[in-house]
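The numbering of the sequence shown is UniProt numbering, which starts it at 1 and goes up by one.
Bear in mind the hints are in silico, worked out from the structure with no lab data behind them. Be a bit skeptical, because a hint or two may be false.
[Unchecked claim] Derived Cβ-Cβ restraints for the label pairs, each shown as a range: (1) Met45 to Arg138: 56 to 62 angstroms; (2) Gly166 to Pro135: 27 to 33 angstroms; (3) Pro135 to Ile157: 26 to 32 angstroms.
Backbone N, C-alpha and C fix where the C-beta goes; we use that ideal spot for every residue, glycine too.
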Amino acid sequence: MPGHLDWARALLGAVKSLWRIGLLLFIALVVFVVLRMLPSDPVAMMLPPGASEQDRIALTQDLGLDKPLLVQFGIWLGNAVQGDLGNAINSGQPVVGLILQALPTTLQLVVLSLLFGALLGVAGGLIAFRFRQTPIERGVQVANSIAISIPEFLWAILLILSLGIGLQWLPFLGPIDANHSVPRQTGFLLIDTLLAGDLSAFGSALKHMAMPVIALSLSIAPPLMRIMHSSLIDAYAEDYVAAARLRGLDENRILVRHALKNAALPTVALLGLQAGTLMGGTVLIETIFGFPGIGGLMLQSLAVADMFMIQGLALTYAVAVQAMNTLSDIALYMLNPRLRLR
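Construct the complete structure from the given sequences, taking the supplied hints into account.
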């Protein structure tokens with residue numbers, strides 16, 4: 001029997017992996033086809049003024065744009081698997097290099113926002129539950145309703161006007177003060193400042209990171225607070241909580257050892273979905289705060305219709321979201337003993 005269960009579990013894991021690979025291929029194909037339907041001409045954009053028709057034909061053939069659409073996609077996909085996403089139209093630099101240069105900024109922003117958003121959401125849910133049926137619970141719910149109705153870009157503007165311009169507590173333009181020069185080692189600015197032993201630069205980068213992180217985290221904290229609050233209420237209606245009370249356990253111990261463990265499962269599942277939302281939110285946030293991440297790179301590429309850059313960035317976003325969903329599945333597996341025993 002255990003052998004059959006192991007086989008079934010392995011099969012389920014393989015199906016999930018194949019599904020995610022298929023989803024990535026589908027997204028890549030849709031983006032590829034849509035970009036080919038745009039009226040922009042990448043060949044004309046890449047050729048210098050006064051180029052001849054022969055130059056145009058040669059470049060078209062070199063890019064493979066004279067071939068059928070599915071053949072073009074197959075060529076692009078084959079190159080992508082080998083780490084070649086082509087060259088950006090404007091700069092002529094490799095797309096992969098530009099993405100790898102900008103990606104750490106976005107990942108740093110997303111990870112910090114996830115951590116802070118999870119902290120706010122879980123803390124809000126716990127406070128609302130611990131003080132249920134009191135004005136404190138109602139106050140948390142009202143604040144949560146207000147937060148969920150404001151999009152992240154509007155939070156960014158409000159934070160800039162209040163904390164940046166009004167009170168002048170925090171900087172709001174760029175990833176670090178201009179008087180700091182930090183050698184790039186990992187691409188993650190906070191880590192690079194520590195590796196350089198420059199605590200002043202670390203503090204500056206942290207201050208610049210504060211408002212973008214708050215703006216993004218306020219967009220994911222409200223749903224997490226709601227699911228944590230409702231999950232705790234459901235958990236307290238279960239028989240094991242009543243049994244724990246009969247054994248004489250105090251409320252704090254019941255909350256931490258029993259109810260919170262079960263409430264964590266749907267919260268972690270939702271956090272995995274919110275990670276994908278955060279990746280999309282970075283497009284505007286990075287532009288508003290002047291962060292050189294892949295969000296800003298995407299807007300720049302869209303502005304000039306750089307189809308090769310857009311294709312590479314879309315694939316990067318899709319891979320990042322699927323990777324975060326995989327991490328969420330692993331976390332759920334570790335938190336749920338029933339899954340580990342199957």
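A quick look at each hint next to the structure:
Checked against the hint of 56 to 62 angstroms, the C-beta distance between Met45 and Arg138 comes to roughly 57 angstroms, which is consistent with it. About 30 angstroms separates the C-beta atoms of Gly166 and Pro135, a value consistent with the hinted range of 27 to 33 angstroms. The supplied range of 26 to 32 angstroms is met by Pro135 and Ile157, whose beta-carbon atoms lie about 31 angstroms from each other.
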